[in-house]
Amino acid sequence: MFNLANPHFFMRYSSPLVTWSGSLAALLLAVGLVWGLVFAPPDYQMGDTVRIMFVHVPSAWMAMAAYTFMASASLASFVWRHSLADVAARAAAPIGLGFNFLALVTGALWGQPMWGTFWVWDARLTSFLVLFFFYIGYIALWEAIEDPHKAGRAAAILAIVGFINVPIIKFSVDWWNTLHQPASLIKMGAPSVHWTILTPLLIMVAAYTVLFVALLLMRMRTEVFIRQIHRLQISVAAGKAG
Amino acid sequence: MSEFLHMGGYGAYVWPAYLLSAAVLAFMTISAWSAYRKHKRLLHNLEGENQQVGKR
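As given, the protein sequences belong to chains A and S, one line each in that order.
So the first sequence is numbered by our numbering: it starts at 30 and just counts up by one.
So the second sequence is numbered by our numbering: it starts at 47 and just counts up by one.
Just chain A, same shape as in the assembly (with noise of 0.2 angstroms):
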């Protein structure tokens, strides 16, 4: 049978963190769009679509950002077998295929007016459509098993294995000849972008990452209700039987 090990702890101080996440979340999504969408200026060279970034670099960033923070719950299930971690990276996963989604399409949409291409197979954009499919290879795989102590397992080794290809995103640009721009936020020296497109920009960031933080404890306390709920229902089988 599955021991969920004693989640008390969590229980009680997820409750309120989803509440204040999600509230910050929309606090900054809020600042965010109106500043990005009205206030910032159209950018010298992209003109207007330069706002699509305000949607799509936050997409992109959250996506590898819950693919790492899955990738290390599943190494944290492995070493700890503490059953949270294993909950942890399920709840991350449809979240993160979401913002892949997002990226990947307002990508396109930025690509088609600026490129003159809606997709082109250079490194960055090849490596974030394989981190897509690894998405929906992990999801699959926690379906596709029965037993959810051997799902777990099964999706966490893929879910490591699928990590390299994170660095290899983040460095493409340098490492290959793309289409897709250098970085120009995390790298050696300060980001080169001005302030008045860099504020929204963070901003919007901040948001997503928030959104995320309130949806992945959410979800985590929605698997372990589920997971409770299996237990009580083989309980209360057994009660009646008795």
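Hint data in this document are derived by calculation from the structure and do not stem from the laboratory.
Just to be clear, a hint being listed does not mean it is correct.
Said to hold, decoys possible - When the alpha-carbon atoms are kept at most 30 angstroms apart in a straight line, the in silico DSSO-like pairs for lysine-lysine are as follows:
#, chain 1, residue 1, chain 2, residue 2
1, A, Lys-179, S, Lys-84
2, A, Lys-179, S, Lys-86
3, S, Lys-84, A, Lys-269
4, S, Lys-86, A, Lys-269
Given chain A, put chain S in place with the hints provided.
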């Protein structure tokens, strides 16, 4: 206002990007929240049932 919608000629790209982002984020939030509430209610009902079964 129409300039805002026009987005310097790029409106057909900027607005779908924002609308799709809003839709996906809203979907993720709603789906997480409704699953949470559904299972919380289920667990609550089951705990009640379990107590009754235990008393028999």
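Checking one constraint from the list: CA of Lys-179(A) to CA of Lys-84(S), max 30 angstroms. Satisfied? Status holds; Cα separation ~26 angstroms.
Please verify whether Lys-84(S) and Lys-269(A) have alpha carbons no more than 30 angstroms apart. holds (24 angstroms)
Could you grab the alpha-carbon distance between Lys-179(A) and Lys-86(S) and see if it respects the 30 angstroms cut-off? holds (26 angstroms)
For the pair supplied as a hint, Lys-86(S) and Lys-269(A), is the alpha-carbon distance within the 30 angstroms limit? holds (23 angstroms)
Figure legend: structure checked against the earlier numbered hints; every hint is met.
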